[in-house]
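K.L.:
Read off the chains here:
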Amino acid sequence: MLNIELCGIKLRNPTMVAAGIMGSMASSLNWIYDSGAGAIVTKSFSKEPNKGYSNPTSVGVTGGIINAIGLSNPGVEIIKKELNLIKKEIPKVASIYGASPDDFAYTAKEVEDLVDMIELNVSCPHAMDGCGAAIGQDPDLTFKIVRAVKNEVSIPVLVKLTPNVTSIIDIALSAEKAECDGITLINSLGPGMKIDTETATPILKNKVGGMSGPAIKPIAIRCVYDVSQVVDVPVMGVGGISDYLDVVEFLYAGASAVQIGTALMDKGPQIFNEISINLENFMKIHDFKSIDEMVGLTHRV
Amino acid sequence: MLNIELCGIKLRNPTMVAAGIMGSMASSLNWIYDSGAGAIVTKSFSKEPNKGYSNPTSVGVTGGIINAIGLSNPGVEIIKKELNLIKKEIPKVASIYGASPDDFAYTAKEVEDLVDMIELNVSCPHAMDGCGAAIGQDPDLTFKIVRAVKNEVSIPVLVKLTPNVTSIIDIALSAEKAECDGITLINSLGPGMKIDTETATPILKNKVGGMSGPAIKPIAIRCVYDVSQVVDVPVMGVGGISDYLDVVEFLYAGASAVQIGTALMDKGPQIFNEISINLENFMKIHDFKSIDEMVGLTHRV
Amino acid sequence: MHVPKVLKIKKILTESKSVKTFIFDWNFNDSLLKPEPGQFMMIWNFEDEKPMSISKIDFENNEIGISIKNIGSFTNALHQLNNGDKVGIRGPYGHGFEFNDFKKILAIGGGIGMAPIASFTEFAIKNNLDVDVISAATTSNELLYEDRLNDAGANVFTCTDDGSCGFKGFATHRMEDLLQNNVYDLIVTCGPEIMMKGVVELANKHNISVQISMERWMKCALGVCGQCCVDDSGWRICKEGPVFWADDLNNIKEFAKYKRDSSGIRNYY
Amino acid sequence: MHVPKVLKIKKILTESKSVKTFIFDWNFNDSLLKPEPGQFMMIWNFEDEKPMSISKIDFENNEIGISIKNIGSFTNALHQLNNGDKVGIRGPYGHGFEFNDFKKILAIGGGIGMAPIASFTEFAIKNNLDVDVISAATTSNELLYEDRLNDAGANVFTCTDDGSCGFKGFATHRMEDLLQNNVYDLIVTCGPEIMMKGVVELANKHNISVQISMERWMKCALGVCGQCCVDDSGWRICKEGPVFWADDLNNIKEFAKYKRDSSGIRNYY
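Chains as they are written, first to last, in our numbering: chain H, 1 to 301; chain X, 1 to 301; chain L, 1 to 269; chain Y, 1 to 269.
Looking at chain H on its own, in the form it has when it is part of the complex (with noise of 0.2 Å):
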């Protein structure tokens, strides 16, 4: 009742964890999906190793967290061992980033044989040496680099794009333009700050940092329901899900799959079951046959 296809792909429900969750590692991952997750997607990697920032990467805010971890990761060589070591059945998605289009064609190409889909992380609000969101900023520069990945990998590509733009219609049409297979909304929101007050101090080491948690869902919901009407490819939902009724907001918005990070913080990957179990139940009270029934049904009404 829960399967969906997206890309061509099949997936025995519409949930995802969230690109930076829980993802560098296999171990992890597997985990993740015998709780119940309809796919997975790693963290995003790169080229090279990568460390990240110094700690505080992580503080609380009201309805979520804001953070900035840097996106530290082992590099696409070592990756590669780990995405090797997940298990077989499990659909994966790689979220890759970069600095440059050849960059992000070089990583995608290293994994293409590993995974079922490449996630563009062009969005990082907290990236460094302008590999993050001033990308997913430019509708010239997310076209370059999808057009960059599409013509050296088969498997779909997905782009997930930032909210900190003044319309972020504008790049989702530019990313379609480039034929990308499917668009992810939302990256983490802002940048924001926070400050302690004892001392004056930034508390996260690189000032500021992505906004996630329940606090971001009506701008992800809109970004959705904006993106969705205009675009062709489906739009994976992601920003502040912490329940099933979450799920069933984003796919009335125009989400056909979904993505959970943030939640869990609280919930850990049980999460995953809990949602499944009580998504059908929803659809059986509500007479839906399908999540396909579900997706855009806010369009409709």
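What the hints contain is simulated information worked out from the structure, not anything from laboratory work. Don't be surprised by glycine CBs; every beta carbon is placed ideally from N, CA and C. Do not rely on the hints blindly, as some may be mistaken.
[To be verified] Some chain X residues close to chain H (C-beta under 8 Å, calculated; not the full set):
hint, residue
1, Gly75
2, Ala99
3, Ala215
[Claimed, not checked] The list that follows gives simulated cross-link-like pairs (lysine to aspartate or glutamate, EDC-like), each with its CA atoms no further than 16 Å apart:
hint, chain 1, residue 1, chain 2, residue 2
4, X, Lys205, L, Asp48
5, H, Lys207, Y, Glu47
6, X, Lys81, L, Asp232
7, L, Lys8, X, Glu198
8, L, Lys5, X, Glu198
9, L, Lys259, L, Asp232
10, H, Lys87, Y, Asp132
11, Y, Lys5, Y, Glu63
12, H, Lys205, Y, Glu47
13, Y, Lys5, H, Glu198
14, H, Lys51, Y, Asp261
15, Y, Lys103, Y, Asp132
16, X, Lys207, L, Glu47
17, Y, Lys10, Y, Glu63
18, L, Lys104, L, Glu47
19, H, Lys109, H, Glu77
20, X, Lys51, L, Asp48
21, H, Lys81, Y, Asp232
22, H, Lys284, X, Glu198
23, X, Lys51, L, Asp261
24, H, Lys205, Y, Asp48
25, Y, Lys257, Y, Asp232
26, Y, Lys8, H, Glu198
27, X, Lys284, H, Glu198
28, Y, Lys86, H, Glu198
29, Y, Lys197, Y, Glu176
30, X, Lys88, X, Asp116
31, L, Lys197, L, Asp162
32, H, Lys51, Y, Asp48
33, L, Lys17, L, Glu146
34, Y, Lys205, Y, Asp232
35, H, Lys88, H, Asp34
36, X, Lys87, L, Asp232
37, L, Lys86, X, Glu77
38, X, Lys81, X, Glu112
39, L, Lys5, L, Glu98
40, H, Lys207, Y, Asp48
Here the structure of chain H is known, so what remains is to put chains X, L and Y in place on it, guided by the hints.
P.N.:
For chains X, L and Y alone, kept in the frame of chain H given last:
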């Protein structure tokens, strides 16, 4: 101890009520001042009356609310009568909006003699007919409106900006180039959307609305921090303040004064007294002699 | 918080020619959802949302009732709904009636103003207070809750402007009669402001405390938008109100004089 | 939630040549702030932030103690601090020791691994459990908490690698002795993984349950970043850990083999 001077206007403390909060009537604004605010800001008004959107105009979200009141107001002629009823000793800021530089200039001129400052609302995320954030997302249009108003009036002119742009710094610099006297950061965030999961209907009549409340504070703090570093005019901080420590955080980030809005939901006008008492106590404990010493401290530590 | 709960209509009671009561299952265990007499709800029909009094608070059956008088397009749309149809309910909001240690109460409702009077009366009687009720209406087929409140244990006195049922005349006339033969330590009233003004004046003559329940155009109902603020205290009907002590009327000078429309323009009575 | 509380250092105790304990006033009334033995805190010195065990939980004096071994630039910076200096503390985090209904416990700490063992031991004794402690160190002036835990009512057995104080040899040797003459129903241990591995093997031989406390590089400490996940269960040291039952080690195959650095690259022992 709490008194400040802002654009040449003396305030007994650095707190004001934010535009749009209990701000259409002299009665409620007098009450707010009597409850301890340092200054009052009117609800945004325009040349002609405006009924705004139908209900629902507000709905709760995690960490705040989203609203789309739609800038309802009785028009400048009736507002002038209300302004006349605000007690003489109260420092008054008139928040105005319009659809063109001429609109803004006309409305500003009409009330110039009745208030101490003008705040240009070029950033409402739920305005009708291109009156709102569409202006504040465009540096050139922002420039033109500030210039038009500055040419018309001689009292200080503040500009309230939207965070919903790729670079708020660019807009702020444009406003400063047009010789605004201060910048208010931030208007409500997003917009955001909330969908009822029983019916798939967007709850707000306008579908989307601006987000306010504690959840947006990290974004506001970052905007104040970034902008106050690059402009010379004073910055008013607004977004999610609900206690004196939030005020401290805004001052440290670079705000010369603050505005308080959604917190009146739970605390009422009495929040101004509460914050003044606690802020003064905080200053004594932390050895501050004046608010000025706190402004922008984070830039100096 | 502050999100409409979308519920199915459980029952619809036809109370009078123009008033229906919509009954909903309600969870009183959630303290944020537990209403007090005099509080209101924002009712959303997926087109518009308006404040409505709670006319029934039934802790035994876990039900609330919202009474709606058909006076315009919104209320007319609600009147077309059937059992099982969905409605959004946000609340309860506002400051309700205060009970303190009053013993014998006169409750006066005019027209749909009887709605909060009904839930007040049942609540008061459950708490062993004596309640006399004046239910006033323009004509007999608009009278509200007579049987229900009699059954609950109140003494209900009806009056109609045209004399088609009960006493012929205004609520204040009926009140004057009752004050001759009874000693009340509290009067509560809800209805047209002109009527409430009369009630307050008469009560002042007899030195009896009064609580009145007001209404104004509302938007957020959260105390921020300022739409329902009143001259010249600036108080918010949705927060400091809708129920006030009559003494507070010194600070509500617009009472029985004018209301503001959705843009904030005054409409005089 | 999850915001460092910036507190002044109340007292600094020099525990050994390389270990100092920093004492802070703490509010145990806030249930979210109430630590259990085995939990950890994120310590922020306004430059960096790292997880540290809680070595003292003093409900009587409303104090907590964090013991820091000077092993690098961060811990060295902390060692330069004085009374009254400020430090940020975020937590407590993680899954601590379980007490169930054990009666007689052997607690084994190696080096700075004695920190959680100390708070565990005091807590257990307060709850009328019998605790024998092996405090192991490389040499005599690195031994921790001997007097404090003896005073608390534990039997403390010291051992040093070089024999400069107490038993000469490893903690496991000392443990073997104690197991000859005592019947324990629980062993808890914290220290180098190689040491804990030996403890677990020996305990298995004697059929005694063991809880171990691990550490890994941490970033968020909130269970989201994945930095502290271990092969091959994927468990998070900051959430499912830092304390595990020895049986769980079947699912922590990297135990006593390797750890990941900040970029996620494995460093083998």
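K.L.:
Is the Cα-Cα distance between Y/Lys197 and Y/Glu176 16 Å or less?
P.N.:
Holds - the C-alpha atoms of Y/Glu176 and Y/Lys197 are around 14 Å apart, at most 16 Å.
K.L.:
Starting from L/Lys104, check that the Cα of L/Glu47 is at most 16 Å away, please.
P.N.:
42 Å, violated
K.L.:
Does the structure keep Y/Lys205 and Y/Asp232 at a Cα separation of 16 Å or less?
P.N.:
Given pair Y/Lys205, Y/Asp232 is violated - Cα atoms ~25 Å apart, limit 16 Å.
K.L.:
So if I understand the rule, the pair passes when the alpha-carbon distance is 16 Å or less; does H/Lys109 with H/Glu77 pass?
P.N.:
Distance of about 12 Å is within 16 Å: holds.
K.L.:
Quick one, are Y/Lys103 and Y/Asp132 close enough, alpha carbons at most 16 Å?
P.N.:
Status holds; Cα separation ~11 Å.
K.L.:
For the pair we were handed, L/Lys17 and L/Glu146, check the Cα-Cα distance against 16 Å.
P.N.:
14 Å, holds
K.L.:
X/Gly75 was flagged as interface toward chain H. Is the shortest Cβ-Cβ separation under 8 Å?
P.N.:
Interface hint status for X/Gly75: violated (30 Å vs cutoff 8 Å).
K.L.:
Checking one constraint from the list: CA of X/Lys205 to CA of L/Asp48, max 16 Å. Satisfied?
P.N.:
Satisfied, since the Cα-Cα distance of roughly 7 Å is no more than 16 Å.
K.L.:
Given X/Ala215 was flagged as interface, is its beta-carbon under 8 Å from a beta-carbon of chain H?
P.N.:
4 Å, holds
K.L.:
Do the alpha carbons of Y/Lys86 and H/Glu198 lie within 16 Å of each other, as the hint requires?
P.N.:
9 Å, holds
K.L.:
Holds or violated: X/Lys87 with L/Asp232, Cα cutoff 16 Å?
P.N.:
12 Å, holds
K.L.:
Just to be careful, I want the Cα atoms of X/Lys81 and L/Asp232 compared with a cutoff of 16 Å; is the pair within it?
P.N.:
14 Å, holds
In terms of the numbered hints stated before, the structure departs from hints 1, 2, 10, 18, 31, 34, 37, 39, listed from lowest to highest.
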